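Trainee: Chains as they are written, first to last, in the working numbering: chain V, 1 to 294; chain C, 295 to 420.
By construction, these hints were calculated from the structure, which means they are not laboratory data. Watch out, some of these pointers could steer you wrong.
Per the computed footprint, the stretches of chain V lying under chain C, defined by three or more beta-carbons under 8 Å from a beta-carbon of chain C, are [to be verified]:
no. : region
1   : 16-27
2   : 41-48
3   : 255-261
All of these numbers come straight from a predicted model, not from anything done at the bench. Note that the Cβ used here is the ideal one computed from N, Cα and C, for glycine as well.
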Amino acid sequence: MQASDIAQALLEDLPAIKEDKQLSFVKSKISAIEDADTKTLATAFLLVGMQLGGACVDRHIVLLVHGIRTRGIWQDLVASLLEKHSNVKPVIVGFGYFDLFCFWFPYFFRSTPIEKVEREIRGAMKDNKGAKVSVVAHSFGTYVISRILLSKPDIQLHRLLLCGAIINNNFSWDHLTCFPTGGVINDVGTQDTLPALARTVSWGYGNTGTFGFRTHRVKDRYFNFGHSDFFNTAQIEKYWVPFIVRGEIVESEWSYQRPTPSLWLSVLHLIPMKSIVLPALISSLAYGVYKIFV
Amino acid sequence: MSWVNLENLMDEFPADKEAVEKLLAYFLSMAGEIDHPKYFSYDRIYNISKIQSSRNLILILHRLVEGGLLEQFVRVENNSAGIGDFPTIDEVPNEIYDFRQDINITITPDKLRLYYKLLPRETHAS
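Taking the hints into account, I'd like the entire structure generated from these sequences.
Mentor: Right, here's the structure in full:
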């Protein structure tokens with residue numbers, strides 16, 4: 001645990017301690033740190049944090065990016081839980097209603113939400129100079145963030161939490177020059193069929209929200225969930241808040257207990273749906289036009 | 295403190311390079327002028343340095359402590375007046391005599407302030 005994280009945890013625990021016991025509590029926690037350098041640094045973060053009203057580190061901006069066909073009601077829930085931490089400022093990012101056709105079609109439409117979210121990130125960085133910027137993204141929002149990370153190496157994220165991810169399985173986490181400094185967690189729903197379908201029916205997507213990335217750069221964490229089952233208070237408080245606020249990874253028991261994925265889900269991406277859907281659509285349109293004029 | 299370390303420091307915090315350079319120039323120039331240690335509260339350094347990120351400033355000051363230019367200590371304050379200095383938080387007693395008010399006070403964490411001691415140049419390790 002880093003010195004700033006130790007100090008932040010102390011600051012968060014302190015209000016629950018009786019005033020006359022607070023100094024002893026602080027002393028016991030600080031003296032338990034074995035490394036002298038870490039102890040000195042944790043003391044500095046703690047004392048400055050107390051002066052700043054409970055935030056030992058700089059402001060931490062957390063952007064919440066939603067998926068398609070949704071207005072992201074979950075964002076308000078996550079924001080309300082993150083706001084309890086004095087140094088965390090959640091920012092709800094929307095790019096409007098994004099329908100299935102826009103989601104499916106590989107050209108034109110995807111750039112609009114990517115540009116919007118990029119503008120939001122840059123705006124948050126500009127308004128909160130020196131602040132760390134983390135992102136929680138769901139579904140299509142994960143794709144949007146992946147495109148930004150890939151194409152805008154000057155955008156440095158602190159922590160990245162993905163759920164219902166549809167980022168391409170071959171995404172080059174290793175080659176990112178701006179890999180999130182505080183790590184990446186990918187919360188996988190083993191009942192979530194949408195990422196698997198997305199990979200099958202369109203271009204550029206992956207089934208990483210169904211199966212995980214399986215790479216050393218990203219921590220895959222599995223839950224017995226469908227696409228949008230992550231959004232409840234208990235889940236967010238137990239698994240998301242510790243990671244976003246302190247970088248603490250709470251393991252999910254389902255990661256070790258989950259059954260082998262069903263065969264049909266595993267082989268779904270082998271079915272050449274992309275090659276069927278697009279020609280079928282073009283053929284239908286052509287036939288429609290033909291019937292109208294001939 | 296070696297100049298190489300100072301250069302490393304500026305490389306380590308590229309966004310604050312200019313502010314780091316000015317802060318170091320300030321400390322080094324003052325260290326050459328003083329005969330006795332000079333004390334700075336964190337707040338005062340924050341105002342001098344113009345470094346916006348308190349996290350970065352803490353880390354920069356920590357590097358200066360490691361380099362021997364500064365010493366970090368904890369000051370107990372009561373009604374904005376210092377009543378006791380301690381090298382580490384572990385050494386702060388639970389109770390202290392406030393000589394200004396002639397009373398014993400119970401120390402709570404909100405009475406602790408972060409301070410740095412600038413040492414005269416001749417005392418720095420070369």
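Trainee: All hints, please: hold or fail.
Mentor: Results of checking the hints against the structure:
1. With a threshold of 8 Å between beta carbons, the proposed coverage of the region 16-27 of chain V by chain C holds, since 7 of its residues qualify and at least three are required.
2. Coverage of a stretch by a chain is defined here by at least three residues with a beta carbon nearer than 8 Å to that chain's beta carbons; for the region 41-48 of chain V and chain C the count is 7, and the condition holds.
3. Proximity of the region 255-261 of chain V to chain C, defined as three or more residues with a beta carbon under 8 Å from a beta carbon of that chain, is not established by the 0 residues found.
Checked against the numbered hints given earlier, the structure breaks only hint 3 and satisfies all the rest.
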